[in-house]
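Add chain B to chain A, keeping to what the hints say.
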Amino acid sequence: MSHGDTIPLHPSSQSDIDEIENLINADVHSATVLPARPPSPPRVSIPISHSPSPLPPYQKVTPSASPPPVVPAVPAAAAAPAGSSRIGISSDAFGSSPDTLTEPVWDTVKRDLARIVSNLKLVVFPNPYREDPGRALRDWDLWGPFFFIVFLGLTLSWSASAKKSEVFAVAFAILAAGAIILTLNVLLLGGHIIFFQSLSLLGYCLFPLAIGALICMLEGNVIIKIVVVSVTLAWSCWAAYPFMSAAVNPRRKALALYPVFLMYISVAFFIIAID
Amino acid sequence: MCFCLQPSGENYANPKTCFFHVLFKAAALAFYILSALFVNSFVIIFVVTVFLAALDFWVVKNVSGRILVGLRWWNEIDEQGESVWKFECLDQESLARMNKKDSWLFWWTLYLAAVSWIFLGVFSLIRFQADYLLVVGVCLSLSIANIVGFTKCRKDAKKQIQQFATKTIASQFASSLQSAFSVV
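Protein chains in written order, with our numbering: chain A, 1 to 275; chain B, 1 to 184.
Pulled out of the complex, with its shape left as it was, chain A reads as follows:
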């Protein structure tokens, strides 16, 4: 009964999405998958801390995408001077309903920050959605991984007494290239994972090791360093396990997981061995 006119499932965000969709997608576009829209509201139930914004929270629908290699930005500091004031011209000139094209810049920043936090919580901390890993990291983003990789590189570089630049460059390159290669490994094993989703996951799973590296930088005792690094290594592997194993054929699980563990173990050794 209700497939002709789009009946918004949530009056706030869904109607905005659909208005734009109706304007723009007179035809079903080959690149877009329209039926994907209606199921998005159930994701509201995922316990995620979204800052309540006056505009309809464009929650899960628009993750900020990123380019083939590893990078994107920490949005916080930069956009604050750029857009803490509402961009008045856009709200007046362009249409009646607010949407992601005309939202204030500050909302974009908040949305991206909230996504980083929610992704981190989903990946690294225990939560009820771990059993369904594909759904859990649906809104991948590369901001978090970028920050963690840089942080880990900086910490290692700081801990090193000599050749600081090489340490940083090597750490960054190994982590970035390692994430890409591990993703390719899963894809070549016939697994079903999105390239950027996997990069994002592997980056977020570095969070425990980054904490471990920070503690090791401050602590001198080797025994404590070994203990701390072992704990954080186990934590990282635990975090990465469900996503990676769910992506491939069960018989090939070990083939997909072994390189991941190997990479994390070598990073752990690197952290311990840095003097």
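Hints listed in this document are in silico derivations from the structure and should not be mistaken for laboratory results.
One or more of the hints may lead you astray.
[What the hints assert, rightly or not] DSS-like cross-link-like pairs, simulated, lysine-lysine; straight-line CA separation at most 30 Å:
| no. | chain 1 | residue 1 | chain 2 | residue 2 |
| --- | --- | --- | --- | --- |
| 1 | B | 167 | B | 152 |
| 2 | A | 121 | A | 225 |
| 3 | B | 167 | A | 110 |
| 4 | B | 100 | B | 167 |
| 5 | B | 86 | A | 121 |
| 6 | B | 16 | B | 158 |
| 7 | A | 110 | B | 152 |
| 8 | B | 86 | B | 16 |
| 9 | A | 110 | B | 86 |
| 10 | B | 16 | B | 155 |
| 11 | B | 155 | B | 167 |
| 12 | A | 110 | A | 164 |
[Claimed, not checked] Per the computed footprint, the stretches of chain A lying under chain B, defined by three or more beta-carbons under 8 Å from a beta-carbon of chain B, are:
| no. | stretch |
| --- | --- |
| 13 | 167-180 |
| 14 | 189-203 |
[As the list claims (entries may be wrong)] Pair by pair, the computed Cβ-Cβ distance ranges are:
| no. | chain 1 | residue 1 | chain 2 | residue 2 | range |
| --- | --- | --- | --- | --- | --- |
| 15 | B | 126 | A | 173 | 12 to 22 Å |
| 16 | A | 258 | B | 100 | 53 to 63 Å |
| 17 | A | 190 | B | 152 | 25 to 35 Å |
Ideal placement from N, C-alpha and C gives every residue a C-beta, glycine not left out.
Okay, now just chain B, sitting in the frame of chain A:
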């Protein structure tokens, strides 16, 4: 840059956005070039340059793309677990009302930044500096990603405008038929 191509007459409609659009690109390039003179540590050069380039990527993608040319692109993963690239643009009248100078600046600085990074990359390749090549590689890929994304978005928008123009009458007719039938 050929200033004879610049449209004359109107002023920038969003000077603050234009400024920030250019600011981070120029800052990343300037820091990279000048740092060789002043800064000894590669780590600082790397982190600051890549950070500025990443900020620029974010600003262009999320702020100036929206405001200067009314385009937006992103990636979604749908229910089946497939990744879908989405393109969004303002409706036709708003697009037509876009400031020409703004969009000229937007596109030209985008291309110019990418070309500059290519040039710097060649430079560091000649000098066999692999670590600086890493920096250039990262910044270049960010620029190219934005160019590709917005170009696809613009082509998409043009196509949709054409389709929209021809389909308006048909869809209005169809929707009135449907509303007549939905009562049944």
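Hints versus structure:
1. 167/B x 152/B: Roughly 22 Å separates the two Cα atoms, so the pair holds.
2. 121/A x 225/A: The given pair, whose Cα atoms are some 25 Å apart, holds under the 30 Å limit.
3. 167/B x 110/A: Not OK: residue 167/B and residue 110/A at ~37 Å, beyond 30 Å, violated.
4. 100/B x 167/B: holds, 27 Å
5. 86/B x 121/A: holds, 26 Å
6. 16/B x 158/B: Status holds; Cα separation ~27 Å.
7. 110/A x 152/B: Holds: residue 110/A and residue 152/B sit about 27 Å apart, inside 30 Å.
8. 86/B x 16/B: Since the Cα atoms of residue 86/B and residue 16/B sit roughly 27 Å apart, the hinted pair holds (cutoff 30 Å).
9. 110/A x 86/B: With Cα atoms ~21 Å apart, residue 110/A and residue 86/B stay inside 30 Å; holds.
10. 16/B x 155/B: OK: residue 16/B and residue 155/B at ~27 Å, within 30 Å.
11. 155/B x 167/B: Roughly 18 Å between the alpha carbons, so the hint for residue 155/B and residue 167/B holds.
12. 110/A x 164/A: violated, 35 Å
13. 167-180: holds (count 4)
14. 189-203: holds (count 5)
15. 126/B x 173/A: 12 to 22 Å: holds, 21 Å
16. 258/A x 100/B: 53 to 63 Å: Once the Cβ atoms are compared, 56 Å apart, the range 53 to 63 Å for residue 100/B and residue 258/A holds.
17. 190/A x 152/B: 25 to 35 Å: Since residue 190/A and residue 152/B have Cβ atoms about 29 Å apart, the given range 25 to 35 Å holds.
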